[in-house]
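Participant: Spelled out from the first residue to the last, the chains are:
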Amino acid sequence: MSILEVHDLKKVYTSCFGTQKVEALRRVSFSVEQGEYVAVMGESGSGKTTLLNLLAALDRPTSGSVLLDGVDTSALPEKDVAAFRRDQLGFVFQDFNLLDTFTIEDNIYLPLVLAGKSHAEMEKRLTPLARELGISELLKKYPYEISGGQKQRAAVARALITEPKLLLADEPTGALDSRSTDELLGLFAQVNGRGQTIVMVTHSVKAASHATRVLFIRDGEVYHQLYRGRDTNEQLYQKISDTLTVLATGGDR
Amino acid sequence: MMKNGFYLRLALDGMRKNRRLYLPYLLTCAGMVMMFYILSSLANSPLMQTMHGGDTMKMTLNLGTIVIAIFALLFLFYTNSFLARRRNKEFGLYNILGMNKRNLSRILLWETLISALFAIAGGLAGGLLFAKLAEMFLLHMAGEKVGYALRVEPGGILMAIAFFALIFALMLTVSLARMRLSKPLDMLKSESAGEKPPKANWLFALAGVILLGAAYYLALSIREPLTALALFFVAVLMVIAATYLLFIAGSVVLCRILQKNKGYYYRPEHFVSVSSMAFRMKRNGAGLASICILATMVLVMLSSTSCLYFGGEDALRGQCPYDMELDAAFDRPSDCTAESLDRLCRLAHDASGGQESGLVSFTTLEVSGYFDGGVLDINSIVRAVDMSSPVSLLEKLRSVEVFPLSDYNRLMGTELSLEPGEAMLWSSDGKYPWDSLTVKGSRTVHIRDTLSTLPVRISTSSTLVTVYCLFVPDWEDYASDVTAYAAGIGADRSDAVCSQSCAFDLPGMDEDEQISVRQALIDAIDGHKDGNSALTSFSIGSRALYRSDFFSAYGSLFFLGIILSIVFIAAAALIIYYKQLSEGYEDQRRFDIMQKVGMTKDEIRRTVNSQVLTVFFAPLLMAGLHLAFAFPFVQKLVRLWGVMNTPLLIATSVICYLAFALFYVFVYRGTARAYYSIVSGGDAR
Ligand SMILES: Nc1ncnc2c1ncn2[C@@H]1O[C@H](COP(=O)(O)OP(=O)(O)OP(=O)(O)O)[C@@H](O)[C@H]1O
Ligand SMILES: [Mg+2]
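Chains as they are written, first to last, in my numbering: chain A, 1 to 253; chain B, 1001 to 1685.
Looking at chain A on its own, in the form it has when it is part of the complex (with noise of 0.2 angstroms):
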């Protein structure tokens, strides 16, 4: 059974005087299947964030649904909204978005606090995670003593924490140099490798060649897909840069 399905997704955002409308997601319906990485690619300003914000369920979708486990999210009410988002789901930002009023170690135990977990439960959680992830040493520190790519790690250790059934990334990759996403990529990889469905936009070709699918999204639409096969990460570079050559030149509507 697929771990998330959507189906015919609207997004219409009305601008505050309701006079202007921008379509920023049309007709988008596609399924992921348990265990799966899929990479969503696209332009600036075709909808990717908007697709993760619905399938996040931080916005609601104008029409069409978002299965996750079987489960509507569109239709939960706020409260059990923010629980289901809490326990299902994981998060990485391109900004990080850690508190800087928490250490490291705090800010991953973010949502087990607010899941209502013991600390001794949390810690016993995040020994093994912090070690996998490389940031053992840093859990004391706070976010404006770490760099970057330690900051991006340790947002994915608090996604991760709560065993989510789905992770999903924004651009992860976005503010980090090539080193560190080389040892983003890696670890994302590492996580998919034990079972971890992963859903990551990307701009960047080299990240989406790690992923098993790929999905091109323009104008709000799903307008191809991709998958990995047999290809190794080069060989999928590859056919991800044809396909975006197509899109940008012959691919006209």
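You can trust all of the hints, since none of them are fake.
When the alpha-carbon atoms are kept at most 25 angstroms apart in a straight line, the in silico BS3-like pairs for lysine-lysine are as follows:
| id | chain 1 | residue 1 | chain 2 | residue 2 |
| --- | --- | --- | --- | --- |
| 1 | A | LYS206 | A | LYS239 |
| 2 | B | LYS1282 | B | LYS1262 |
| 3 | A | LYS140 | B | LYS1596 |
| 4 | A | LYS117 | B | LYS1262 |
| 5 | A | LYS124 | A | LYS141 |
| 6 | B | LYS1017 | B | LYS1101 |
| 7 | B | LYS1282 | A | LYS141 |
| 8 | A | LYS165 | A | LYS124 |
| 9 | B | LYS1601 | A | LYS117 |
| 10 | B | LYS1396 | B | LYS1440 |
| 11 | A | LYS124 | B | LYS1262 |
| 12 | B | LYS1596 | A | LYS141 |
| 13 | B | LYS1101 | B | LYS1089 |
| 14 | B | LYS1260 | A | LYS140 |
| 15 | B | LYS1260 | A | LYS117 |
| 16 | B | LYS1260 | A | LYS124 |
| 17 | B | LYS1596 | A | LYS79 |
| 18 | B | LYS1260 | A | LYS141 |
| 19 | B | LYS1262 | B | LYS1199 |
Because the hints were derived from the structure by calculation, they are not lab data.
Because the structure is a prediction, the values reported are computed rather than measured.
Fit chain B with the ligands to the given chain A structure using the hints.
Facilitator: Positioned in the frame of chain A, the structure of chain B with the ligands alone reads:
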């Protein structure tokens, strides 16, 4: 010159863009100029020369002017530094866009000029407008019926302009110097600089706790009003220091302690609050402490001055227990005869046209000195009660009034008799645990009995120091010995005085008539003086005459209390407002993140709300605590002014606190709106 216009426009634009910050700042500046002008023009009003008690009033008002001046200096510097932080960001941007520091200085110069112009011109306009009103209010409180004489005071205007121009010039200098020293990138960052987590400074926190404890202990342990006066400022300084230490360091330490307790800290309802509270307090500690101090000052000032004002009539009656009192001092006790006492009574009777009632007459010897274990030492006495004398000595000061027992019997209609060397005693504090009273180097009397009531009403103004009234059977011998001893050691004559008094009420006479009775008495006595060389001096106290003195003093104090309170409250409100704004900008981002991590909007609103509430109501609670502990102090200070009405002081304190709390909530509500509009404005991101 077109260039100049350009910088002026940039300055104006900057101010307009940040009008949420500048407008309240400018209004506060103008308000301070206004209050400064009002007080100084009232102090220099010609009325102060003509009206009764004008001197006291002038002094009080001048004091107020000085307080406002000092406060304005401190406060405007504080707010200016707050504005500078915001401004630096803009300047950093201009700098990167190619302006050098000279250009930026130009903008700063224009900005200061505009602010100064607005503040001084606006303040003076307001001052001229409201000075009349303030004068009417002041005179009404002082109970004056004289006409209003206030005019435009060029002196006050010049002084206000000069003083505030100086403040602005100083602020400009500081801002310029600060800019010269900073690097452009620092400027850009300076707003978000200081993201480092607060360090828990245990030493400062501990010092704060100890200081506060010591100040509170001091307040509770003081018994005598004079001691209270001497130590009041020490206690005030201790409390101020302790408040700053506690708000800045203590609060962070508290948060750290809570964080160490894992079972407590890692709960959804505490986790976010406690950790962000530490940051909030680091930013806001000084501001909150300032609010707390200002609130405490307002509360102490208002509760005490209103208590004085409303208890003034009591104080007046305490100090002048009779409508009129005629005292005659004599050099020799043997001159204090029954005939001379009679003569005083006849004088009083004649001068009041037979309208006197409840007339009492008596003879006394008054001695004062340091008292210890039943022994009064008049040799050691300091000539004037000097506030700088050691506190332990002030507490030992006593006054002893010695009456003939025969006066007691005459006035009370009793037939008490005592052996020579024996005496009856009455004590103003109701206790006298010794069985004899010795004037060191002279007489000792054995206390046969203590009395609970006196035959005459004595002036309670002297309850600053405890008074013992002694009734002896052999008054003339006793008084002769003591005065001879006093003369022998070269004591001032006022240290051992024999006098005869005649006191009476004048019911059915209004104040003017009573004052003319006093004049008649003075004339009559002047006629008599030559005939009796033994009389050294007379004094005639009239309650009607004192009343205007009293109320010009209490009225102007209360007036000043109100004016200063308005200024302080405005300052506190501005600090609160700025806090709300800066909090808003910081929380906007946090709000966003927490939502993405899985908090509902409701939960976020609740935690933020509870933090904001805690932060803003902590100063109010602390101020209440300060006020409660200051109570014994204030009670004694008010007693120094002759008001002994404790229930009244409790009432004024409670009312002031409630009124202030109400006002505070009001300000909080108003500024919270600014806060929420900023926080929710961040949703679009
Ligand atoms: N809150 C909003 N209100 C109105 N319009 C919006 C809002 N958010 C996004 N849009 C519009 O919807 C469209 C899609 O925006 P979206 O942020 O999803 O693009 P994106 O693919 O994430 O772009 P980028 O790669 O630059 O991040 C854009 O035209 C954008 O202007
Ligand atoms: Mg985007």
